[in-house]
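Protein chains in written order, with the working numbering: chain D, 1 to 329; chain V, 1001 to 1351.
None of these hints come from the bench; they were simulated from the model. Glycine included, C-beta positions come from ideal geometry on N, C-alpha and C. Treat the hints with caution; some may be incorrect.
[Said to hold, decoys possible] Each pair of labels, with its calculated beta carbon distance range:
(1) Thr276/D to Leu1016/V: 41 to 51 Å
(2) Asp200/D to Asp1212/V: 48 to 58 Å
(3) Gly1244/V to Ala179/D: 14 to 24 Å
(4) Ala1179/V to Ala32/D: 18 to 28 Å
(5) Asp200/D to Arg1241/V: 27 to 37 Å
(6) Asp200/D to Asp1240/V: 29 to 39 Å
(7) Gly150/D to Arg1301/V: 29 to 39 Å
(8) Ala121/D to Gly1244/V: 27 to 37 Å
(9) Val1053/V to Gly274/D: 19 to 29 Å
[What the hints assert, rightly or not] Derived coverage of chain V by chain D (criterion: at least 3 residues anywhere in the stretch with Cβ under 8 Å from a Cβ of chain D; other residues may be distant):
(10) 1042 to 1056
(11) 1068 to 1082
(12) 1144 to 1152
(13) 1222 to 1235
(14) 1306 to 1317
(15) 1321 to 1327
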Amino acid sequence: MTLAGLVLRNLSDGRLRLLAGALVLVAMALVARPFPFARHGVAILAIVDITGSMNVRDYVGADGMPASRLDTAKAALRDLVAGLPCGSQVALGLFTERRPFLLFTPIETCSGFAPIDGALAALDWRMAWEGDSRISAGLFRSLAMAEELGTDLVFITDGQEAPPLPSRGGPAFDGRPGAVRGLIVGAGAPSLSPIPRYDDRGRETGFYGAGDVQQENRFGPPPADAEHREGYNPRNAPFGAAAASGTEHLSSVREAYLRTLAGETGLTYAPLDGSTGLGAALMAAATPRPVPGRFDPRPVLGAAALLLLLATFLAPLLRTRGIPTWKKA
Amino acid sequence: MIDALARLSADRPALLWLLPLALLPLLTSAQRRVPVAAIAAVPADGPSRAIGVLVRGAGIVAIAGLILALAGPYRRGETLTRTGIGAQVSILIDRSGSMNETFAGRQPSGIEESKAAASRRLLAAFVGSRAHDQFAVTAFSTAPMLVVPMTDRHAAVRAAIAAIDRPGLDYTNIARGLAMGLSQFGPASPATSRALLLVSDGAAVIDPRVQDTLRAAFARLHPNLYWLFLRTKGSPSIADRPAGEDTPQAAPERHLDLFFKSLRTPYRAFEAEGAEAVAEAIAQIERLERDPIPYTEQRPRRDLAGFAYAASLVGLVVLVAAKLGEADLRRSGLPAAQSLAIASAPARRAA
């Protein structure tokens, strides 16, 4: 038998075919280069509420100690930014009083992670320039800011308006619902917790009491049920004679209110459950934006080659144990 | 050498647990099994043994190479510290409401540029003009706000500067702003040139109690201090003495200037009444801040999977060649020693 005849006969051998397949796959892996394809990234404007009620410690931190809503929100944002695909953009702003304050315009999250992380870590309630917390006004202006920047919005707040909304409700949204997509993130626990109080040097001095805050908004017309209140007089006591009482000095996440706001503005509501998990909610709610990604085909080719190679060597072992393979022994 | 080994790493190190699979060629073979009546009947043959060892070795190399390649081996990149020309610049920007007016003290209209927009345009050009400068951005109005910590990522710094012509806030609390601007320098080698660049269109009284704290911080960090005073037309200059009593409340600009001069730290004030003057001041600062600064450079990591694939390919070529050259004693009827390739199969049984 000639050498050519030998080779021809061997070509019909199943194991040779397996080996040859592995050879071709590895040769392809050797010359293959990663090829570009578009991934889904996001561009967001993150606005963090830094008003007093965000200091409420109703989360549990990583060390088991109580953690404030603001600290938890910062940790969650850090986790979110770290998990975004490269090429995503993040802008950061603060909210207090009735408007957002932009710290920086969008920064790419991979090359700019260190500055973003530093800016997040430095967020502090002491940056606030005024004490009010008019959530709806701040949210509407944040939406306008996000639209101008061309990003989606992540608005983290506990939803507690200070001063409380008047009986006729807050300002109406006059923008186009859904023009900006994104999340309203509700920070805080559903049960009431006391709000820490600080002196003018920034030291904690206790908690707010019932008499320290405005319990009812008495600007504008009185609510419809006012005439049933004790001591009601249309001219002299339109809100009744008794001092307003309530739980405005305590704080919980106002989920129903935030859901209403989300419905009005076309955003999605997501609760803040600890310092992780914002990423999935954001990816579902945000506008997908193509960012350049790379796909390396070599592991796929290499894994297939390895399987063929192992099959080649395992086949005789299996056959001697009576396990059927591709051909009879 | 040890250093080079220590820098080896893998993306998916768990896959390395599969490496014992590379010993499979010692247990079994891809060659056909040929029955031989008595292996002792064949004389010991050196080349046959060598081929047997070669084929087994090729099998081990092929499997091990693939497993190594799949684990994603690479040599870690390193961070090198080099010295370039540049400075650590802490930019402290006034975000009070008046920054959104023009140099003439009006709301900008048409082609007029507000003070904030002019400083935004000119500062953005300053950032990134030299590769090794590091910047930090702090904003202040009623309260100071850390915008971007000290970083060499100029794109991030420009993004922070791009935000400064948005509507400003209320007041000018310069003392707390200065304190935070100074805190941005952080630890660095004492040789590093530091500059604190204050951009404001007004001044405020610094509480005498805070003055001492600020003095101590300036003495410790010893930054070069630049005050870019964006003066509105008609408002008092830094040098103007007030007509009445000369108190900080009556002439805050003049007294802030006096305070800066008393710090015993290199200090220059630039009074700019228009965009050209701002540009000139920034160019001067750029010329003054020319000192060596240590900076880090990242050497990228090197992918080593290619070598593992190449090794695996060599092993596979040998295995395929051995399969192609296989012959059975019975069918060919040729003497075993006639061809090395033909001999390999029985020899491997014998081994």
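*Compare the structure with the hints numbered earlier in the document and write down the numbers of the violated ones, lowest to highest.*
Violated hints (numbers, rising): 1, 2, 3, 4, 8, 9, 10, 13; every other hint is consistent with the structure.
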